[in-house]
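Engineer: Hey, can you work out the whole structure from these sequences and the hints?
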Amino acid sequence: MNRRRAGRILTAVLIAALAVPLMYGMVQLPAPGHADAPAHTNVSAGYIERGAELGGSENLVTGVLLNFRALDTFGEVLVIFTAWLAVAAVAGTASNAERDPVPPSPVVDYVIRLLGPFIAIFALFVIVNGHVLPGGGFQGGVLLGAMLILLSLVMDAETVARAVSARSWIWLRATGVLVFAMVAVMGLPLAGYLFGLPDEPGLRQVLTVALELGIGIGGGAVLAGLFFAIAGADRS
Amino acid sequence: MIEWSHWLPILAMLPLVGGALTPLLFRHRPAAACFWAVSVASVTSVVAIALLLRLVDSGGFSYAVGGWLPQYGIELRMDEVGAFAVPASLLVLLSLVFSRHYVARAVDASRVSFYYALVLINLGGLNGFLVTGDLFNLFVFMEIFSVSAYALVATAREPIASLAALKYLLLGAASSLLVLFSVGVVFAMTGTLNLEDAAAALALSSPMPAGLALAGLATGFAVKAALFPVHFWLPDAHAAAPAPVSAVLSALVVKAGIVGVLRTLELFGGAESLLQPLLHLVVWLGALGALGGALMALVQRDIKLMLAYSTVANIGYIFIGLGLATASAVSGAMVHAVNHAVIKSALFLAAGAMIHRTGLRNIDDLRGLGRRMPVTAFGMAFTLIALSGAPPMAGFTGKWQIALGALQAGHPSLVAVLVIAGIVVLAFGIRVINALYFRPPARVAVASATEAPASMWLPVLMLTIASLALGLAGTPMLEFVGPAAQSIYGTLP
Amino acid sequence: MTGSVTAKYREMRVNATDLFDLVLLALLLTCAIGIARLKDLAACAILFSAYSFILCLVWAHRGAPDVAMTEAAVGAGITTVLFLVVISRVGRREK
Amino acid sequence: MKIAATALSHVDYLVAVALFLTGAWILLTSGNLVKKVIGLNIMETSVFAFIVTTGMIDGGAPPLVAPGDPGPFASPLPHALVLTGIVVAVSVTSLALVLILRVRAEFGSVELDEIALSLAAGDTAEQSERHGSADD
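Chains as they are written, first to last, in the numbering used here: chain A, 1 to 236; chain B, 1001 to 1493; chain C, 2001 to 2095; chain D, 3001 to 3136.
Don't read these hints as lab results, they were simulated from the structure. For each residue, glycine too, the CB sits at the ideal point set by N, CA and C. Incorrect hints may appear among the rest.
As the list claims (entries may be wrong) - If you only want the chain A side, here are some residues facing chain D, beta carbon under 8 Å, derived: (1) T11; (2) M23; (3) A35; (4) A52.
Structural biologist: In structure tokens form, the structure reads like this:
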């Protein structure tokens, strides 16, 4: 107990010692919100000036994610797929999930079952409108995942997990990676560079929505998979 | 005719997508998964070698992903640091070959395809990390290889593996955050994420927030590289992981931390006044790590723990070289990073083959194994001597250059540190060799052991030969990294 | 339809730090310190959810609706659910 | 007075630092593994908060750019970075939680003190066994 106390005091000293230079350094950064800070005048200015036209998305965040910095987003899709691979490799697979012994109240049960389809439609709306509205593939995917998790709370994880065969689940989870890789390779003939999107607006639109859908479905399936694996992990 | 530079993103994408496909295609067929993984790694190695030849031929080149101007999109580039992708791909390839029989025993059959997928994704993350010229992209690829590395440690069946992996994860995630925080600071200061652009802007900027970013990046990458005193996650994680994973982690994943430090030095090359104090600190931490790691290795009884501590020592050498900041020391450090990768993966694979055949991992228990497993034991003995830095072999070149650099920089005491650490390494090497060859078997498992299958001893043998060949090729290697070592430090002597 | 929604988002202009922001930031700190002090893990997880939700308000108010949306779903939603599932299995008291 | 003005203009950054340090405190001092992961998450979100703030602009609209809108707009780049960061964070968190469940299954606890005790007990058992058998 004494040792723990000494450790806490030592940590407190360490953190206090860190706090001073951190705070001192941070207040010397350009103040947030000022239009003449480098964060706004350099690359960002270019994005805002011509990003919508060149990137093909009025929502510049989507343009940056899917077009300008597509490789980062590919990495992001891969990280979350890797997380599922990792969880599955460590914990066992979804089929080991066992039902939660405490049934939820009938009201919760009813409300969630009622909400399910609406959440799914909203998720789809968020996914396909990502280029004009806030939102996009991953946000919609999270909503899809959240819907599956909610459903598995009232229906029991195994029923939801088994709604689709184990084999299809894996393919669904990899959708993001596979679609992204395909669009990236198509960039070579269409735009001259890997990860490039074509200049022709119609085709670019189609590929953007394909990317969003891939990321959304893949992300949602992965998040649900993470939940299934964790919910049943210690009994595998 | 496709432009050469298009292969640069493919270097990373190929193992990443190949890895993602592994559980999709071969979930219930471990042997096919292995074959697939080996094929993907082979093709990646060919791509890496072709890019290296291109680099030697025509100097560095870059690729604008998506065709955007570098600062708006992401720039990938091939330079002398990126050339580390060649040993990375080849070492992962050999580890995958080795895994074939090892994993069948060490990992549940239903999870074998996940194992191969994670190894390939790890390689993809490493390759991307090596060739990217963008700060945030560096972070993304770092997370790819980190997350897969945490999981790979936990694929081992030993109970301690999950705890070691969790410790690795908590520390690794905190260090990644420091890197991300610094990326944010650099963005707030310069408004760009491109390494070259940001470096140019940082050279002109005010010292304090830049110092914050430098400290964050240096600490973050030092944790990933297991520099003393933030090395404590390494021994458990590397010892608990399955042997081929230990080889990849010790040879490559900690080296990615070194590469991160190299990129940091590049980023702050123009801000000499900030770099100097940090470099001094790094030299002495490296010296402490070299001595401490070697001594800790000497007292270990578990052979994999011994090798893991020796990695801490070698990371110490490399940091001494980087911190000295003279041309010969830095090129020595870069060459030693490659040589140590080859030697240490040979050692971990040999140790893995012994554990696979006998189920024993204690050095005293392994005695007398030299006769029973001649090729593996020879590989281990030979590379242990190479590790100590004996002249014609691979460990020598880098350490010699670092020692020369220490003398040039006026630190003769560092040479003493290097020599003492080398003697300690030789001492534990002799201890193992003595046990393997000059002691009678004490365990039934040793007396009845036979040589490991060819998929195990062949990689060990190839790495053993490589550890001699790289030693003989010391001068060309130094010449190759020379320009990079010069340019990394910008204005420094 | 999307046009009118977009217009609504455009009206969400950021002002220089005002009282609303300061209150939110203070709440954030309170939540974080509460998590540090509480010994009940389930309470910590719920508090983390609240923390994420406040953060999401801050970001919505800072001109980042995309990030706010993601944080609301991931931080306040999925991460919290994962925490609660794990806590229900490992016990909710911290020693 | 000047200090107060600077602190107010940088209040977001200062709060981010304070949150980062609080998270670090939880990560370092808590003996409970789940609590450590919560601390890690607080650290992560604090860094995200900092990065989002770098893109903020006074009087600016969200980066939804339609022709004819004069701006100013918040910078989209930090938002994109943070979106990626959030995904990475949830990935790492879920892996950590699964590892915690496995640690719990193997050591019967998620408290570091208790795990250390059971590890020490296991070690001495192993050593005495080794002592008996390897004594040739």
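Engineer: With chain D as the partner, please determine if A52 of chain A meets the hint condition of a C-beta pair closer than 8 Å.
Structural biologist: holds (4 Å)
Engineer: Is the interface hint satisfied for M23 of chain A? The criterion is a beta-carbon contact with chain D at less than 8 Å.
Structural biologist: holds (6 Å)
Engineer: Let me know if the C-beta of A35 of chain A comes in closer than 8 Å to any C-beta of chain D, holds or violated.
Structural biologist: It holds, given that the least Cβ distance between A35 of chain A and chain D is near 6 Å, below 8 Å.
Engineer: Measuring from the C-beta of T11 of chain A to each C-beta in chain D, is the shortest one below 8 Å?
Structural biologist: holds (5 Å)
When the structure is compared with the earlier hints, no violation turns up for any of them.
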